[in-house]
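J.: Chains A, B, C and D are the protein sequences, given in the same order.
Take the first sequence: its position 212, counting from 1, is numbered 212 in the UniProt record's numbering, and each next residue is one higher.
Take the second sequence: its position 57, counting from 1, is numbered 57 in the UniProt record's numbering, and each next residue is one higher.
Take the third sequence: its position 2, counting from 1, is numbered 2 in the UniProt record's numbering, and each next residue is one higher.
Take the fourth sequence: its position 110, counting from 1, is numbered 110 in the UniProt record's numbering, and each next residue is one higher.
By construction, these hints were calculated from the structure, which means they are not laboratory data.
All copies of an identical chain are treated as equivalent in the list; a pair is satisfied when it fits inside any one copy or across any two copies.
Straight-line C-alpha distance at most 20 Å; calculated SDA-like pairs for lysine to any residue:
no., residue 1, residue 2
1, K7, S198
2, K172, D115
3, K172, Y237
4, K7, D165
5, K172, V135
6, K7, F95
7, K7, L187
8, K172, V284
9, K172, S129
10, K172, E130
11, K7, Y74
12, K52, S261
13, K172, P290
14, K52, A104
All values reported here derive from a predicted model rather than from experimental measurement.
There are 4 protein chains.
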Amino acid sequence: MNYGKEKIGIYRTYASPLENVRTIPESSFDGRDNTLLGLDVRVRLEGDEFFKNFEEADNSNLVATDSMKNFVQYQLGEYDGATVEGFLDFTGRRFLEQYSQIDAIQMSADQIPFDELDVPTGDGDFEPSELVFRVSDNESGFGEVYLTRGDDGPQIEEQNSGITDLQLVKVKGSAFTDYVQDEHTTLPEREDRTLYVSMDIFWNYEDPEDCLGEEPQRYVASEQVRDIAHVMFDEVYSRSIQDLIYQIGLRVLERFPQLESVNFEANNQTWIAVREEIDGDEDVRVLREPARPTGYQQFSMNRDDLDEE
Amino acid sequence: MNYGKEKIGIYRTYASPLENVRTIPESSFDGRDNTLLGLDVRVRLEGDEFFKNFEEADNSNLVATDSMKNFVQYQLGEYDGATVEGFLDFTGRRFLEQYSQIDAIQMSADQIPFDELDVPTGDGDFEPSELVFRVSDNESGFGEVYLTRGDDGPQIEEQNSGITDLQLVKVKGSAFTDYVQDEHTTLPEREDRTLYVSMDIFWNYEDPEDCLGEEPQRYVASEQVRDIAHVMFDEVYSRSIQDLIYQIGLRVLERFPQLESVNFEANNQTWIAVREEIDGDEDVRVLREPARPTGYQQFSMNRDDLDEE
Amino acid sequence: MNYGKEKIGIYRTYASPLENVRTIPESSFDGRDNTLLGLDVRVRLEGDEFFKNFEEADNSNLVATDSMKNFVQYQLGEYDGATVEGFLDFTGRRFLEQYSQIDAIQMSADQIPFDELDVPTGDGDFEPSELVFRVSDNESGFGEVYLTRGDDGPQIEEQNSGITDLQLVKVKGSAFTDYVQDEHTTLPEREDRTLYVSMDIFWNYEDPEDCLGEEPQRYVASEQVRDIAHVMFDEVYSRSIQDLIYQIGLRVLERFPQLESVNFEANNQTWIAVREEIDGDEDVRVLREPARPTGYQQFSMNRDDLDEE
Amino acid sequence: MNYGKEKIGIYRTYASPLENVRTIPESSFDGRDNTLLGLDVRVRLEGDEFFKNFEEADNSNLVATDSMKNFVQYQLGEYDGATVEGFLDFTGRRFLEQYSQIDAIQMSADQIPFDELDVPTGDGDFEPSELVFRVSDNESGFGEVYLTRGDDGPQIEEQNSGITDLQLVKVKGSAFTDYVQDEHTTLPEREDRTLYVSMDIFWNYEDPEDCLGEEPQRYVASEQVRDIAHVMFDEVYSRSIQDLIYQIGLRVLERFPQLESVNFEANNQTWIAVREEIDGDEDVRVLREPARPTGYQQFSMNRDDLDEE
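When you get a sec, could you build the whole thing from the sequences and use the hints?
T.: Structure below.
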């Protein structure tokens, strides 16, 4: 049993910048200004004492979900850190302090992405505007912490970080062949297909506290994992989506030794070729959208996978 | 690790009718013609042998998800039963028979609802058309089975049935008062609110085989649970959504002794009054939509809850 | 140039019932209780004086769109009629009275449908609940009026009424053959297909005032047009969607001599057969969803079309 | 009357690059590689001869919408230009050539945007991948041509180009004050608000042929209009959305003398402040999402507006 509030869309202007992130070869990312920090938050409360709300229609310890929303809004003004996970942990701890009837709390959020936009500097060059941003519907960061009451106060019992809805297409250089052929198989084998895959990637730290960003050198930014994904897609001639995500996972674990595991949910959205070898050039194609059914892969990897290689 | 296919939308004309369902006082439902049976299916395969698809880029035992789609389509023509769960079990067993590399399979589906539509009989009366149906976007049945390989062949290890996206509003006769009041509380208490709640309700049978509908007297139709939900909403003066779903759950368990548990996910979509007591009548109101944040409750009940009452 | 507010979702409890509607053979509809009246309203203001908002950044005559929302909400409490169009006309006139800078106003709304739900009467029978309703996502009524300032005050210059998102499927008894065959044709001809069509139907009255419902005998309820649509679909063996909507249009104009024209937007969502003649029965099929591209037809008919028949 | 096909999602690899576009001070855009060209196409046929499809159920001249889809797919392989509008014109002309029963054709498309993604060059620097792209859900180009049969063959009778779903937020530096205050006004005046506006911008050329891109120096790229929009938003301290879009429109007409008019549909999605002046800094705020109703502005400007300034 649990209850809570979801779709709490909140925005903070001039939050603390994320700085001193350790850079990796696959990404130019080294921090975020956080001029705008946007979050779509979900709160979930657990507590044995809440059973009486159900069984006895007794609301006396019931925190209205409307009040939860107000609580979360207020804390975004109080938080002086720079990460999604840090804010969730900060707010979860305050919930546990304020309401003794809560045994455990899960706080999760999608980060609402704001893209920098170039404006002219006056001398013919361009630089990012300090005031105007694009509200993006593309991939976004994700964070989740699950806090319980420990002997020394609230503690992170579980943590999850991620980047979701990454949509990538590779024009050529992906194969899919040699799979099971039987009376139910109609898909043609392809040595070279235009592969379009959407992905959610999640990661867990060995020490959950590292997710908070208080030591930026130990923080894994979702932009960095995003960049590893498309760099590996660019580098690798993949034999399947399974092959591709395995290569991405290995690279993520290699770059970030502070991580324990990385998890994928991939969806295949590959278009279907309707004309090929146009004007004799095998790379020139016309493709169409597939019908709706979507193949997917869910896969978890940990350090053992890395060691085997 | 698992992989599969989702959003397989399939339709069967003239499937076997569901008949001889045991009726309950809350519902006039006693069967379905199944002139049209529509399903949105998800297949999930598990198997240790699939690891080599990821780790060795070896596709030799990989069943393409496109082939899974073909397989499911084919089996809907073969199935001669009358229920969603029955079809999922039937198809899952055939997957296990055909592909030895599968260790376990989860099959789930949303039922696509078709409403009967009245046409004139010619003598001034109306009866349901035998040919034309409304494709409905309202609440729909849900089924899921998880099959593993047992000593005597495939067996249902887990089962879940449900009705999802039930959207109900009660004009008057719902309260929400006496909850926690503190500095984060701004929601006014209401002795009488126009309560709008959307619900997913799921149930599990003591004996999973009962979900297949082979013994219709032991089958729980999603239409029956739907009807219990709105009948209880009509009957009960609820003190909270928690109170309401508890009352619904008790009634479901009382009517269907073959069930082990019933589970709820409820979302509060209640409108906000902007004018009240219009022309001096306290029941006459103008209301508006709430902002996006949505309170929710997740709750599980089993027979022990029933016995306590 | 115009500006306004859209997506104003408003709800009224215990609005005036719609009664004394003239019945037609295709429909059992004879009125609505309006215990709940829900509308999704759009307001559009026109006026030359508003140009200075743009060109001079002068807001002095600018009615904030937030105030428009408040205005519409307020008027739903004042309106004592029973129809969507009546409410839009009522509110539009009040806008014109209140703000002299408005030259013309378009008010439109989708009606949010609430379905009756049966509850037991206690003697084994069922009747509609007076309190609990399903919030439906299926087809809904539509209304629009365009008001200008005439010599005698506000007048309806244009009017449009409709029913939108009607989704109908006919299991068998629809053909599509004898169309153009050339090198771009791959669609197979079908003497009998399972036809799935979604439709928006709109109608215009000869006298726009008839749309208000003040004379219920001259009002055309969207439920009646809805019922004509599926009754004709049931009756007619159609040769194409074009043929089908023409037959529906003729019947609508025949039943309602107060209408000047009827207009259609139809979308073809027909499934694709993947197995046919299952067990030797030509009516038993398995079908799948089509890929996304959707054929459509837009067609207007007036009384001349009826006279030609 | 018309009919056609919509949602034709098609993709071309290695289309001709768009080069030699005239640059403007507000934008670094000077061309597109078109390694991937994606379009969501809508075809609409008009022709008096099609009436017999409706009135006589005679399909003999009916081009199946499925065939239209095939036709459009095929032509994307034939087209050797570089613009959306060019492809629509090219394909529309071929429709008119192939089918004499068509009197006029409207072809329109949303461009599906693909973002470049940086990969490491090996020497510590980054450059765009030539193979991997992000499929973006953000703003996209739009094109439309309406072709009729003229004395000298097909001609463009109307043309429309645009950029749609531009979502921009400005952290500070936007006012909204001095509007009408009356009993329906509850919105507080703001000297400084965080303004979030989404926009569709459309433009028409004096000479419709300029939209085709055959003379790139006379082509207006949607990326350039996009960049003018956010540069003006950055530059201007706006008094209202009306004021803002007027300033954008003036700049567009100034930069592109080949345009006759520019049209806007703007939607106000501004968040609502829940905490302000945090830690005494007036720029630091917490904001929340507004409820659903959305104010909008529709506005057209032509060269006369520019001359007045």
